[in-house]
Amino acid sequence: MSPRFWMARQTVIALVFAPLLGGALAVMAALGGGGWVLLPAGVAALAVLQWVIELGRYRTWGYAEREDDLIVRRGLMFRRVSVVPYGRMQLIDVTAGPVDRAFGLATVQLHTAAAATDARIPGLLRADADLLRDRLAAVGEAEATGL
Amino acid sequence: MSDAALPVGTSWRRLHPLSPLVRFARIVVGLIVVAVPTLEAARGGAAGRGRSLTTSLIVWAALLGLSMIGGVVSWLVTRWRIGDGDLQIETGLIRRQSIRIPLARIQAVDIVAPLLGRILGLAEVRVVSAGRGGEHGRLAYLTAAEATAARARLLALAHGLAAETPEPPAQPLAVVDNLRLVLALTLRAGIAVPLLLMIAAAVVLIVAPRAGAIVLSTCLPILFTSAVTIARTFNEEFEFSVSEAGDGLRLDRGLLQRRHETIPFGRIQALRVVQPLLWRPAGWLRLEVDVARQHGAQQSRDDPQRVARTLVPVAPRAEVLALLGRVFAEAGVEQPPGAKPPRRAMLKAPLSYHFLAAWHGARYACARTGRLQAATVVVPLHKVQSVRLKRGPVQRMLGLASVHVDTAGQRWQASMRCRDEGEAEAWLWDISAKARLARRHSSPGSRQRAAPPGVAGPVIA
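Quick note, the sequences are listed as chains A and B, same order. Residue numbers for the first sequence follow the working numbering, so the first one is 1 and each next one is one higher. Residue numbers for the second sequence follow the working numbering, so the first one is 1 and each next one is one higher.
FYI, nobody ran anything at the bench for these hints, they're computed from the structure. Note that the structure is a prediction, hence the values are computed from the model and not measured. The C-beta atom is built at its ideal place from N, Cα and C for all residues, glycine as well. Incorrect hints may have been included.
Some, not all, of what chain A presents toward chain B, calculated at C-beta under 7 Å [stated by the list, open to error]:
#1 Arg80
#2 Ser82
#3 Val83
Could you put together the complete structure from these sequences and hints?
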């Protein structure tokens, strides 16, 4: 994963929690001290928790291209490792959301005929994502066995 | 029909003239069911106000007439033929629709005969084709003879044979005894438990009438639902027989509506052997099949793939295992030593630990799960789409991990739950490697099981 992916994740956390924190502060200001201090404190704690979780997730994401299959690893609480043979790939998506685009990132997702397959590689540099997609498409074509 | 002398389907022709009657019978019956009480209420409630009765009568009659006219028009504008390498169906009055199903992509041709159709000697031909968003052609209805002829022709052409090739002879594999089916269905937990409740309630009723009445009235709806389920299942699986033809398995079943289905061997993604709790003393098993289908496709009520999932509703162990062996050569459900997960898995899965087991060989991966009913999923390794290792927080604490083997099927994956961590990791690589080998060995064409000479395997997309 590109280190920029971590920046992007942090930005998302900031974007989500900043208004919440602002709102909590506003409530505190409006209703005045006392127990209301807990509200922004709680929001801040949640933000930190989210930050820690995201950091863990960012660290566990990983993928490896082997000779015949692609291995994707992910998850902090639930650790997952998926092995997807190139020949089974049906289509490869490259998507980029607004935040991803701002950071020049993209997500590569593989689909097979099985609904349960979840091989998603987020936070690749745009150019890397395109290269990976083309590489996968090429080997997939060579080994295609479909169903 | 003027061109009756020609082989079925070579020229444009209409469906059978009685089709609208069969097709819209359900709507008509529904309308009548709704209309009669309404009319009754109108008559009873508005005695003397004759006009409202007449008005509603006219409205209902108009609805009835419209649906009939709709049926006749749709029959008038629908025609079909087999030619130029595809099955062509043209239909629609306002929105003309022309459906072309390439014969090479036909996966299966099923014949379905609803009750009214059977009385009139009519049957529907359903064509299941491969591929993303594949068209599913329906010819409703043809005469029974025409339907059989059309099916033989479609299958022959789909396999690249001469159009006049007759259907390959089917070799019967198993027939399910109706009496056993009824017994087995009654013993399924969903039905047996309410039934026992009912008996208990009846006992209470005798002992203490007031309390009994309450219990009984609570049980009745549950019992009613179960009765409906059992009746429906019985109706679907009556006179169930499985036979093997060159291109796949043939299923014949149904009480009111007879179905003749084909499941090509190449489309079978996984088999599952199920044993509900109460079947254990009798030693009965149920064999189910999972076939390839595009996920996310619409799940229509009459979808042939939705219903073609039971291979044998109930049979003694030996029979089921023999059939399993016919479909997946050398596959078995005998657990080799070491199939059980480690003892500490009991902490993670206390309710299903007694059934948990998983093993794999050179050609198949098997996994057994279940709390009350044991279910063993057998996945042929050459059908594996991906292999996944999963470790939840509790599993990590216990040093356990689960391995999931995915196929293109809709229903199940082989879930090897709660294995030892190291073993699971080793299996992940081992199964991927074996699956790769299995894929190599089953190059397209050799994927079919020994087909009789002269019958090529069906084309798999």
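Which earlier hints turn out false for this structure, listed by number in ascending order? none
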